[in-house]
Amino acid sequence: MNDINRNSQFSLSGKNILITGASSGIGRECALQCNASGANVILVSRREEKLKEVAAELNGDKNLIYVQDVTKYDDLEPLVSGIHAKIKKIDGFIHCAGIEITLPVLSMDHQQYEILFATNVIAGFELAKILSKNKYRNSAGSSFIFISSVMSIVGDAGLTGYCSSKGALNAGVRSLALELAPKKIRVNCISPGFVEDTEISDNIFKNFTAERINSKRSLYPLGFGKPEEVANGCIYLLSDASKWITGSNLIIDGGYSAR
Amino acid sequence: MKKETFFEGLKDIFEIDNDLEESTHLHLTSLSTLALIAYLDKNFKTRIKVAQISNINTVSDLMKLIGEDNFE
Numbered sequence: 013m014n015d016i017n018r019n020s021q022f023s024l025s026g027k028n029i030l031i032t033g034a035s036s037g038i039g040r041e042c043a044l045q046c047n048a049s050g051a052n053v054i055l056v057s058r059r060e061e062k063l064k065e066v067a068a069e070l071n072g073d074k075n076l077i078y079v080q081d082v083t084k085y086d087d088l089e090p091l092v093s094g095i096h097a098k099i100k101k102i103d104g105f106i107h108c109a110g111i112e113i114t115l116p117v118l119s120m121d122h123q124q125y126e127i128l129f130a131t132n133v134i135a136g137f138e139l140a141k142i143l144s145k146n147k148y149r150n151s152a153g154s155s156f157i158f159i160s161s162v163m164s165i166v167g168d169a170g171l172t173g174y175c176s177s178k179g180a181l182n183a184g185v186r187s188l189a190l191e192l193a194p195k196k197i198r199v200n201c202i203s204p205g206f207v208e209d210t211e212i213s214d215n216i217f218k219n220f221t222a223e224r225i226n227s228k229r230s231l232y233p234l235g236f237g238k239p240e241e242v243a244n245g246c247i248y249l250l251s252d253a254s255k256w257i258t259g260s261n262l263i264i265d266g267g268y269s270a271r
Numbered sequence: 018m019k020k021e022t023f024f025e026g027l028k029d030i031f032e033i034d035n036d037l038e039e040s041t042h043l044h045l046t047s048l049s050t051l052a053l054i055a056y057l058d059k060n061f062k063t064r065i066k067v068a069q070i071s072n073i074n075t076v077s078d079l080m081k082l083i084g085e086d087n088f089e
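Chains A and B, in that order, are what the protein sequence lines are.
With the numbering used here applied, the first sequence closes on residue 271, and no number is skipped along the way.
With the numbering used here applied, the second sequence closes on residue 89, and no number is skipped along the way.
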């Protein structure tokens with residue numbers, strides 16, 4: 013349990029939180045931090061070994077792991093059904109599964125756009141659809157979070173596909189929030205700036221010179237972020253402390269977009 | 018791969034309108050480097066690192082990096 017008191021409105025004590033992309037990076041950190049804030053976490057990822065490593069760091073005996081490629085859409089309802097049968101209520105959902113492709117538009121092909129949208133957008137919205145069905149939804153209310161990116165509100169060369177997929181999340185979330193409010197489901201985005209110590213950042217850095225990394229870092233008044241910065245935002249949006257917030261986009265970017 | 022096909026691929030990446038020769042200089046930017054790495058990965062199944070690409074000046078340099086026996 014972290015510093016947040018179990019009785020605080022910021023506590024996740026007793027909540028069950030479903031997290032995709034939970035085996036690494038922001039998803040992994042969300043799993044650890046939500047669990048530290050009192051939640052039971054249900055972790056979904058394609059990679060079983062990595063999931064087990066995360067699970068080994070969790071507290072409590074009510075956490076679950078599921079090996080699942082979230083772009084296999086037909087498998088998602090059986091997945092949710094299985095989870096619901098075990099834990100009875102799902103209080104929160106974080107769609108962290110995501111991929112990044114940096115290429116000039118002339119080198120992008122339709123398959124790369126489709127891959128980006130499948131993982132970053134469609135899988136998340138499909139899960140939101142299923143989780144909002146009356147047979148699965150928590151009648152007491154729940155909170156859905158989609159991990160977008162600061163690149164959804166600004167642009168950068170080579171990121172047409174990625175930026176548009178994250179922008180689609182922001183736009184979709186506003187409609188989803190309106191549609192699901194009557195079911196007491198809040199829906200929000202978090203838009204992180206560049207977060208280091210993740211597989212995505214490591215892959216990006218592989219293709220960067222030291223000069224380019226420093227140039228990028230200089231655009232962040234507070235430096236690059238860490239996964240826990242994003243996880244803390246998730247805890248807030250999952251908690252009762254944010255019960256009047258829906259359809260929003262929480263930007264956590266170290267000041268990158270303030271310019 | 019036929020050299021002509023390779024040259025056409027490079028012309029697309031670097032947006033070169035003129036005919037390409039082995040002595041043609043390639044003006045690499047950070048983005049064209051990424052495009053080139055993706056092209057080589059897709060067409061030659063070879064993972065070239067940025068550091069290797071940064072030493073490339075001409076088409077000929079690039080062909081040597083890929084391995085000249087990959088060309089007809």
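One thing to keep in mind: the hints can contain errors.
In silico DSS-like links for lysine-lysine, alpha-carbon gap of 30 Å or less [as the list claims (entries may be wrong)]:
#, chain 1, residue 1, chain 2, residue 2
1, A, Lys218, B, Lys59
2, B, Lys28, A, Lys84
3, A, Lys100, A, Lys196
4, A, Lys218, B, Lys28
5, B, Lys20, B, Lys66
6, B, Lys66, A, Lys218
7, B, Lys28, A, Lys238
8, A, Lys196, A, Lys218
9, A, Lys195, A, Lys238
By construction, these hints were calculated from the structure, which means they are not laboratory data.
Quick rundown of the hints versus the structure:
1. Between A:Lys218 and B:Lys59, the direct Cα distance comes to roughly 18 Å. Compliance with the 30 Å bound is thereby established for this hinted pair.
2. Between B:Lys28 and A:Lys84 the CA atoms are separated by roughly 37 Å; this puts the pair beyond 30 Å, and the hint is violated.
3. With a C-alpha separation of about 17 Å, the suggested pair A:Lys100 and A:Lys196 falls inside the 30 Å cut-off, and the hint holds.
4. At roughly 25 Å between alpha-carbon atoms, A:Lys218 and B:Lys28 fall within 30 Å of each other, so this suggested pair holds.
5. Restraint check for B:Lys20 and B:Lys66: satisfied, since their Cα atoms lie roughly 22 Å apart, inside the 30 Å limit.
6. This hinted pair checks out: B:Lys66 and A:Lys218 have alpha carbons roughly 8 Å apart, not beyond 30 Å.
7. With a C-alpha separation of about 40 Å, the suggested pairing of B:Lys28 with A:Lys238 is violated against the 30 Å cut-off.
8. With a C-alpha separation of about 43 Å, the suggested pair A:Lys196 and A:Lys218 falls outside the 30 Å cut-off, and the hint is violated.
9. Restraint check for A:Lys195 and A:Lys238: not satisfied, since their Cα atoms lie roughly 34 Å apart, outside the 30 Å limit.
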